[in-house]
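Enquirer: This is what each chain is made of:
Number of protein chains: 2
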Amino acid sequence: MINKTFERLGTEPSVIRKIFAYGLDQAKKIGAENVYDYTLGNPSIPAPAKVNETIRDLTKTVDSLHLHGYSMAPGFEEARNAVAANLTEKFGRKVLPTELFLTCGAAAALISSIKALSYDGAEILVLAPFFPEYRPFIEANGAKMVLVPADTETFQIHADAVEARITPNTQAVVINSPNNPSGVVFSAETLTALANVLERKSREIGHPIYILSDEPYRELVYDGVTVPFIPSIYRNTVISYSWSKSLSMPGERIGYVYVPSDIDDAAAFFAAVAGASRIMGHVCPPSLMQRVVAECCSEAPDLETYDRNRKLLYTSLTEMGYECVKPQGAFYLFVKAPNGDGDAWVEQAMKEYNLLAVPAAGFGCPEYFRLAYCVRTEMIERSLPAFREMYEKTRKAAR
Amino acid sequence: MINKTFERLGTEPSVIRKIFAYGLDQAKKIGAENVYDYTLGNPSIPAPAKVNETIRDLTKTVDSLHLHGYSMAPGFEEARNAVAANLTEKFGRKVLPTELFLTCGAAAALISSIKALSYDGAEILVLAPFFPEYRPFIEANGAKMVLVPADTETFQIHADAVEARITPNTQAVVINSPNNPSGVVFSAETLTALANVLERKSREIGHPIYILSDEPYRELVYDGVTVPFIPSIYRNTVISYSWSKSLSMPGERIGYVYVPSDIDDAAAFFAAVAGASRIMGHVCPPSLMQRVVAECCSEAPDLETYDRNRKLLYTSLTEMGYECVKPQGAFYLFVKAPNGDGDAWVEQAMKEYNLLAVPAAGFGCPEYFRLAYCVRTEMIERSLPAFREMYEKTRKAAR
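Chains as they are written, first to last, in my numbering: chain A, 1 to 399; chain B, 400 to 798.
Just so you know, these hints were derived from the structure itself, not from any lab. Values in this document were obtained by computation on a predicted structure and should not be read as measured data. A virtual CB, placed ideally from N, CA and C, is assigned to each residue, including glycine. A few of these clues could be false.
[Claimed, not checked] Quick list of in silico lysine-lysine cross-link-like pairs, PhoX-like style, CA-CA up to 25 angstroms:
no. : chain 1 : residue 1 : chain 2 : residue 2
1   : A       : Lys326    : A       : Lys311
2   : B       : Lys543    : B       : Lys600
3   : A       : Lys90     : A       : Lys144
4   : A       : Lys4      : A       : Lys50
5   : A       : Lys29     : A       : Lys18
6   : B       : Lys735    : B       : Lys725
7   : B       : Lys792    : B       : Lys735
8   : A       : Lys29     : A       : Lys50
9   : B       : Lys459    : A       : Lys50
10  : A       : Lys60     : B       : Lys428
11  : B       : Lys543    : A       : Lys4
12  : B       : Lys750    : B       : Lys735
13  : B       : Lys417    : B       : Lys428
14  : B       : Lys735    : A       : Lys50
15  : A       : Lys28     : A       : Lys351
16  : A       : Lys144    : B       : Lys403
17  : B       : Lys449    : A       : Lys60
18  : A       : Lys4      : A       : Lys18
19  : B       : Lys403    : A       : Lys201
20  : A       : Lys60     : A       : Lys50
21  : A       : Lys4      : B       : Lys725
22  : B       : Lys449    : B       : Lys459
23  : B       : Lys449    : B       : Lys489
24  : B       : Lys489    : B       : Lys428
[What the hints assert, rightly or not] Reference listing, derived: stretches of chain B covered by chain A, where coverage requires no fewer than 3 residues with Cβ under 8 angstroms from a Cβ of chain A:
no. : stretch
25  : 402-416
26  : 735-745
Using the sequences plus the hints, can you model the full thing?
Expert: This is the structure:
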């Protein structure tokens, strides 16, 4: 007898993958140059040259048994040291190697944190718009997801809306900044307001409400924007990170959980992350990649391409009349469908123009669609007439 | 509030790691040459040269975006094709790429299979002696572990003992051959007896009982022994594998689940493996290593060192009077403590001789201890007097 929940989770079509697959099919029929694919959040800038150089060097200088051997579960000491030093320098806050548990990517990191807080009835708040995988991550790992509606004015955190949803079972709030799908970076002001609410409510309900901060896009910001370091604003913060985006190596599955030692129940939280990881089959983080990030974690991504795409797409679409959130980070543009129906807009754009976007109902904002602009710039240029025609058609339809 | 189960799983001391850590401490005090460490099942032969050559070639010939990019969840098509072709050739049975789900190592592979069969009350049988991690893998993933005592005569499968423990809730039997810790390879005869029992009992209880075959040591065999390919003996078999041992790269976390398409509910099983993996944070298997195993999966490990160690240790210990299971595979020697108390023997050997073994109570055989002979041969030679003295002391104690 097969577990039906997991069977469903393994078969339910991902909307993103479905549209992406449609695009591949169309590309075969009508030529790739006639398909405008904005579906996947897959880095389009190569890894810094140092990544491959480091890999080659390591294969020549480190003994095979060490290079490809097991590390302890939280990672090699050298890797944890290097990452802690990098974070300390970057954020001006002492980060200890022993506060880091290296994982196979940010998804595993976040899930181990969720499991660490799970119990029957535990509630975890998620702010719309949100990465759709948060739902199965939470619901299939022993907690209940409670959705906080989006503030569609600013796409910042609506602290009052968070407060209204806190119950004695609230264990955490997941935040994701720079945000997928909106591209918004949560401001220090909005984070401070959230921190005030969480501090007050934690006292009220008699146990800590943690922030689980999912930060794979932390290094992808534009216009000189600073991403506030959340543990400096709210003490009970646990971070999930991966180098998937900052080093353009999403397939290599390397990230970490950062459990600051000054959070409530820090030792128990860290242990529970280790225990949850253990029963998810984490034996150690990938060993070669641990040494790669140890060497490369201070490499900055070359954001010029993303930034050029961001400006081109944002400026062009707003000039046409689209309402878009001004993205400050990540590589997504979050656009309001002129007819107010993201699903319908995406369907029509796909069928009539081979213009592939992702409807945002799954992100908690059904009026919107998401464009991933980690694409070739010339594809954006060629796609603009399609956006224009779609605007005219769907604006009329909305009247 | 922190989940107590995961906190405990993250803090309870592993006996193996504790003894290993003691050995490191002692090495600092009295010199590494005076510590005889047989604790860790960590490969001691380097990865085949082709592994590092392939890694270097890939960094030069494959575009970074592809090399380090996401694959689909079950792996790159090329990697699944290569592995399927290799298995087909090796075992004379058509293995399809679509039957393979690549994972971050065998632990993740086995756990996703366990989760695929989990429900409240589901029972999974485990045969002693067994890899101790099976217990948390099963018990923290929604099933109950039912232990089948060892047949200490042969350390083969005791089919009657299995049959006696099957209930209407029995979902699977985990088998591990070559076995950790006994080094025994289950014979075709013993497997056929098990298959007969499982077929009969599956009919009786009205649903399939699967074999979950955990095979990380499959390529580590000696004396020309053949490891039977279990799906050819019992149809409802799902295999977990990793290249940790066969390519000496345990830190790289790359393996697979093989769900043959002719097992009962094959499509649902495969989907449930995918769904379970998804909510454990598996996004894709490590991308560089997928290509490495695609290139290197037909490389055979150079077993000469292991075999030399095996013969030396087995012959020496049996000549001294120890009762040992004759190991045909893996890199473990399973030894009966002369005083019949594995815990006490290990404690004394550690304290008096800095001879580090693992007591086998956690493996389900408290009279035994395990020696991992993936070590330097000269360490074995130097350790023999300690074994001899321990034999004399504990044999006397047993009288």
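Enquirer: Take the hints in turn and mark each one as holding or not.
Expert: Quick rundown of the hints versus the structure:
1. Annotation: proposed proximity of Lys326 (chain A) to Lys311 (chain A) holds, straight-line Cα distance about 10 angstroms (limit 25 angstroms).
2. In summary, the hint linking Lys543 (chain B) to Lys600 (chain B) is supported, as the alpha carbons are separated by about 19 angstroms, within the 25 angstroms threshold.
3. Of the supplied pair hints, the one linking Lys90 (chain A) and Lys144 (chain A) is violated, its CA atoms being roughly 35 angstroms apart against a limit of 25 angstroms.
4. The hinted pair formed by Lys4 (chain A) and Lys50 (chain A) fails the criterion: a straight-line CA distance of about 45 angstroms is larger than 25 angstroms.
5. Using a Cα cut-off of 25 angstroms, the hinted pair Lys29 (chain A) and Lys18 (chain A) holds, with the two alpha carbons roughly 17 angstroms apart.
6. Taking the CA atoms of Lys735 (chain B) and Lys725 (chain B), the gap is near 12 angstroms; set against the 25 angstroms cutoff, the hint holds.
7. Between the alpha carbons of Lys792 (chain B) and Lys735 (chain B) the distance comes to roughly 14 angstroms, so the proposed pair stays at or under 25 angstroms and holds.
8. Our distance criterion of 25 angstroms between C-alpha atoms is broken by Lys29 (chain A) and Lys50 (chain A), whose separation comes to about 39 angstroms.
9. Of the supplied pair hints, the one linking Lys459 (chain B) and Lys50 (chain A) holds, its CA atoms being roughly 13 angstroms apart against a limit of 25 angstroms.
10. About 32 angstroms separates the Cα atoms of Lys60 (chain A) and Lys428 (chain B), which puts this hinted pair outside 25 angstroms; it is violated.
11. Between Lys543 (chain B) and Lys4 (chain A) the CA atoms are separated by roughly 18 angstroms; this keeps the pair inside 25 angstroms, and the hint holds.
12. The straight-line distance between the Cα atoms of Lys750 (chain B) and Lys735 (chain B) is roughly 19 angstroms, inside the 25 angstroms bound, and the hint therefore holds.
13. Taking the CA atoms of Lys417 (chain B) and Lys428 (chain B), the gap is about 17 angstroms. The hint holds against a cut of 25 angstroms.
14. Note on Lys735 (chain B) and Lys50 (chain A): the hinted pairing is violated, with a Cα-Cα distance of about 52 angstroms set against a maximum of 25 angstroms.
15. Straight-line distance between C-alpha atoms of Lys28 (chain A) and Lys351 (chain A) comes to about 15 angstroms, which keeps the hinted pair within the 25 angstroms bound.
16. With a C-alpha separation of about 18 angstroms, the suggested pairing of Lys144 (chain A) with Lys403 (chain B) holds against the 25 angstroms cut-off.
17. Only pairs whose Cα atoms come within 25 angstroms are accepted, and Lys449 (chain B) paired with Lys60 (chain A) is accepted, the gap being roughly 13 angstroms.
18. Among the hinted pairs, Lys4 (chain A) with Lys18 (chain A) is consistent with the structure: their alpha-carbon atoms are about 22 angstroms apart, no more than 25 angstroms.
19. Restraint check for Lys403 (chain B) and Lys201 (chain A): satisfied, since their Cα atoms lie roughly 23 angstroms apart, inside the 25 angstroms limit.
20. In summary, the hint linking Lys60 (chain A) to Lys50 (chain A) is supported, as the alpha carbons are separated by about 15 angstroms, within the 25 angstroms threshold.
21. Simply put, Lys4 (chain A) and Lys725 (chain B) have alpha-carbon atoms about 43 angstroms apart, too far for the 25 angstroms limit, and the pair is violated.
22. Among the hinted pairs, Lys449 (chain B) with Lys459 (chain B) is consistent with the structure: their alpha-carbon atoms are about 15 angstroms apart, no more than 25 angstroms.
23. Pair hint Lys449 (chain B) plus Lys489 (chain B) holds up; C-alpha atoms about 20 angstroms apart against a cutoff of 25 angstroms.
24. Pair hint Lys489 (chain B) plus Lys428 (chain B) does not hold up; C-alpha atoms about 49 angstroms apart against a cutoff of 25 angstroms.
25. Under a criterion of three residues with beta carbons nearer than 8 angstroms to beta carbons of chain A, the stated coverage of the stretch 402-416 of chain B is upheld, 8 such residues being counted.
26. Three residues within the 8 angstroms Cβ limit are the bar, and the stretch 735-745 of chain B against chain A gives 0, so the coverage statement is violated.
Of the numbered hints listed earlier, those contradicted by the structure are 3, 4, 8, 10, 14, 21, 24 and 26.
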